Amino acid sequence: MEVLAYQGLIGLSSAMYLWLISAGLTIIFGVLGVLNFAHGSLFMLGAYLGYTLYGVVGLPFGVAVLASMAAVALLGAAVERGLLRPLYGLDPSYQLLLTFGLVLFLDDLAKLVWGGVFRIPPIPPWLQGSVVLFGRPYPLYNAFLMATGALVGGGLWVLFDRTWWGRAVRATAADRDMAAALGIRTPGVFSSVFMLGSALAALGGALSTPVRPVAPGIGAAMIVQAFIITVIGGLGNLRGAFAGSLLVGVLSSYGTLWFPEFELFFVFAIMAAVLLVRPQGLFAR
Amino acid sequence: MLVVEGLVAGYGSSAVLHGVDFEVREGEVVALLGRNGAGKTTTLRAVMGLVKVRGGRVRFRDTELAGRAPFEVAHLGIAYVPDDRRIFPDLTVEENLLLARYASGRHGAWDLDRVYRLFPALRELRHLRGTQLSGGQQKMLAVGRALMSNPDLLLLDEPVEGLAPLVVRQLEQTLREIRQAGVTILLADQNLRFCRRVADRGYVLDKGAVQVGGPMEAIASDERTVRQYLAV
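Going down the list, the protein sequences come from chains S and Y.
Residue numbers for the first sequence follow this note's numbering, beginning at 1032 and rising by one.
Residue numbers for the second sequence follow this note's numbering, beginning at 1464 and rising by one.
Think of the hints as simulated: they come from the structure by calculation, not from any bench.
Note that the structure is predicted; figures quoted are calculated from it, not measured.
There could be a bad hint or two in this list.
Said to hold, decoys possible - Selected chain S positions facing chain Y (Cβ under 8 Å, derived; list incomplete): (1) W1195; (2) A1199; (3) R1201.
Built from N, CA and C at the ideal position, the CB exists for glycine as well.
So here's chain S without its partners, still in its complex pose (with noise of 0.2 Å):
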């Protein structure tokens, strides 16, 4: 029984980065309309800039991690304006096409900059150690990560719910049109969800990499997940996400106690058992 809730609680954490990198990717495929293949590799750079600037440079954690944020936040619009603006009167499959070469080129130059080698960056001092769960030693970053996830899930419950800003972009993504018509700034708002979700994927390889070492081609691994995870809850949905991170998450952690050869099966043994019960995701309309 101990084992039973250990692991759950163990899957919970690796849970929350999972939301973390696919509740930016369907923000960005609600509003916008597009599957962005970067996403991953969105994490990736995360990753490697709070490596950088918290284990190299020695910024301060949270700083660190903030700065990554922002950091890709801003490649993110310059993406968003430079690279996919030009293609949304076009056909789909050119945003596949750019994203999807977008992450052999941060993949690249990934490898230039940080070689191909796993990177890890040390846990800062505050959040080591462990707290006794179930009669083991739990890592107190497990929980941080926990307490990250919920957080932000909380933060954009309110921002999506709560703001002006919100609403404008849920009535962006009903209908661009008519949201224009109204006086919303369309492009200003497809703008700012790119680089919320670009901030979020940073975020979830900021704090991951402490748990999941980061090297070049991680983007590829992540946004193969996030995308299972995606079309799990509903793509573009939000709690969909949510919830999808939880079940890939808590699943697969049992999973791997069991069966620890079939770690990625599970993931797309869970998808499939969602599509054949519900084929448009758990929480779609």
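Following the hints, complete the assembly by docking chain Y onto the known chain S.
Relative to the frame of chain S, chain Y by itself:
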């Protein structure tokens, strides 16, 4: 106030409007008449910037509207009520209204209270989501939402389409009140009787161009025009 000259516009590679000319003066109610497919909706959408203007001029006061984004047109003081209402489904009635005020940045005499006085039914429904309203209620909300941006010019597409006769009567009264509040109205509708009661002047569109224009009474009483362009 609004002067449209030689307006050419359309979707994809086909032009719907082949040179539309008309004007709307401050304080007027002007009707665009014509059968389905004559180009009424496209004209309104082109003024709003929702359809690309390919030729001609669209001047609003001293500003050329052609080539402007819809949100710029909205900020200049033009509001649009589409024929299919387009209420935001996951916002409440009140959020739909307040969003228009927030987005336009135009604060004036029209606020929640005044819109609720114009449409008392909306006050009762204010916490419902857009999708929970009937068609007629959505129409009221679409008009109220447009007014919340304190427009100088209101574009109304098919305001009475699908409404029961009693509701049409109410809408006529509502439009008079909106007009008395100083809002100029350009509406597109094929209901000649309705247009006759609310509009000062009219333009009859057919095949993407204005065929006849003049005082509403003259249009409505000209049997040839009615038979040729309006009778169904």
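Checked hints:
Interface hint status for S/W1195: upheld, as the beta-carbon distance to the closest one in chain Y is roughly 5 Å, under 8 Å. With its C-beta approaching chain Y no nearer than about 6 Å, S/A1199 sits inside the 8 Å limit, and its interface hint holds. Interface restraint check: S/R1201 against chain Y, minimum CB-CB distance 6 Å, threshold 8 Å, status holds.
Hint compliance for this structure: every hint is met.
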